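Engineer: Just need the whole structure built from these sequences, with the hints factored in.
Chains as they are written, first to last, in my numbering: chain A, 869 to 1022; chain B, 27 to 203.
No lab work stands behind these hints, which were simulated from the structure alone. Just so you know, these numbers come straight off a predicted model, no measurement behind them. Mixed in with the good hints, there may be bad ones.
Within a straight-line C-alpha distance of at most 20 Å, the following computed DMTMM-like cross-link-like pairs (lysine to aspartate or glutamate) qualify [claimed, not checked]: (1) A/963 - B/188; (2) B/31 - B/61; (3) A/963 - B/192; (4) B/119 - B/137.
Taking beta-carbon pairs under 10 Å as the criterion, some of the chain A residues facing chain B (in silico) [stated by the list, open to error]: (5) 948; (6) 949; (7) 962; (8) 965; (9) 980; (10) 982; (11) 996.
Here are some chain B residues the structure puts well away from chain A; computed CB gaps all over 10 Å [said to hold, decoys possible]: (12) 43; (13) 56; (14) 159; (15) 198.
Built from N, CA and C at the ideal position, the CB exists for glycine as well.
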Amino acid sequence: MEQYRQSNREESTFSLASLHRNNEEATWSQKRSQKKESQMSIKKYAVTIVLALASSVFMLSAHDGDDHKGTPTQGEIASMAADSFQMKTATGTVKVSISKETVFEHEEKTVDKTHFTKGAKISVFGTKLPSGEIVAKQVVMGASTAGKAADHKH
Amino acid sequence: MQTAKIVATAAALAIAVGLVWGVWSIRSHGFSAREKPAPYETYLARRLRSLASEPGAKDLKNPIEATPLTVAEARDHFADHCATCHGNQGDGKTQISTGLYPPAPDMRTGETQDLSDGELFYIIKNGIRFTGMPGWGGSDEDNWKLVLFIRHLPKIQPVEIEFMDEINHLGSGGQEH
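Structural biologist: In structure tokens, the structure reads:
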């Protein structure tokens, strides 16, 4: 009888220890899952912050005044001068002012303005003044002109 | 003592009537943004807008000179970012504006033109809370140029509207065509 009691006590001690261990395992597992969740949340927050920053940068760059090139005016160079040229368009001849900031492009490559001569077919991106004059930001010549025009639409 | 009681009762009655009217008004109309703001709301909003500007903002001077080029650059900027709500003419008669509460103002009138350059600059940069006007941030130079263009709006020419239309296809009516 005493032996039985002893064995019973051992068994119950064993099962208590096992229960305790199970509990510990469960707690550890819960902790690990909580840690995982918190790591996931941190990751989510990080991704959200990165996305928010990226969109802010995009918004700011989209608000850059230099991007407002509008649609290009297409035509043919009628005559060249140092700081301007005349361009024949479908509706008449317009003066195009150029400056140090004006970019000249031929088939996607930046070139010198001397590359542009009378008769060249071009597209001019710039600011149109009420007088009809265009202050050029970019003058494009070559096959890519149509593509460029599409690129500059907002 | 008697007077104080009468004043307190009158105040409590006024608050109760106000609450009942407020609840009735909300329940019968809802919060539609398509309604026109009541005069008292417009008055309060303008006072709040005035209070919301940073001290000293009102006195800021525009460092950019108004030339045909600076005004034209701002016109293209306005056409691209502002005209969707304000319209190419700045009259605020656009599809979006009619659904805003409050709607975008007619910028050619005193409501906008009476503001100082500094206030306009501050509003463009920081926006106006509880309205559709966002704080654009952006470069100070571009924002000051926009102030020049807002000053130019009352005398805008049809050819300038045409140039804006090339950018945003809004015409003079503020609705894309």
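Engineer: Each of the hints needs a verdict: does it hold here or not?
Structural biologist: Okay, the hints, checked on the actual structure:
Between residue 963 of chain A and residue 188 of chain B the CA atoms are separated by roughly 18 Å; this keeps the pair inside 20 Å, and the hint holds. With a C-alpha separation of about 39 Å, the suggested pair residue 31 of chain B and residue 61 of chain B falls outside the 20 Å cut-off, and the hint is violated. Distance check on the hinted pair: residue 963 of chain A and residue 192 of chain B sit about 19 Å apart at the alpha-carbon level, within 20 Å; holds. For a cut-off of 20 Å, the pair hint linking residue 119 of chain B to residue 137 of chain B stands: about 15 Å separates their Cα positions.
With its C-beta approaching chain B no nearer than about 21 Å, residue 948 of chain A sits outside the 10 Å limit, and its interface hint is violated. At about 18 Å, the closest approach between the beta carbon of residue 949 of chain A and any beta carbon in chain B exceeds 10 Å, and the interface hint on this residue is violated. Checking residue 962 of chain A against chain B by beta carbon gives a least distance of about 13 Å; that is not within 10 Å, so the hint is violated. The restraint placing residue 965 of chain A at the interface with chain B holds, with a minimum CB-CB distance near 9 Å, inside the 10 Å limit.
With its C-beta approaching chain B no nearer than about 24 Å, residue 980 of chain A sits outside the 10 Å limit, and its interface hint is violated. The beta carbon of residue 982 of chain A comes no nearer than 25 Å to any beta carbon in chain B, farther than 10 Å, and the hint placing it at the interface is violated. Hint status for residue 996 of chain A relative to chain B: holds, with the closest Cβ pair at about 5 Å, below 10 Å. For residue 43 of chain B, the condition that its CB be more than 10 Å from all CB atoms of chain A holds, with the nearest at approximately 46 Å.
Consistency note on residue 56 of chain B: stated as away from chain A, and its beta-carbon is indeed over 10 Å from all of that chain's, at 32 Å minimum. Distance check for residue 159 of chain B against chain A: the nearest CB is about 14 Å away, which clears 10 Å, and the non-interface claim stands. Every C-beta of chain A lies more than 10 Å from that of residue 198 of chain B, the closest at about 16 Å, which supports listing it as non-interface.
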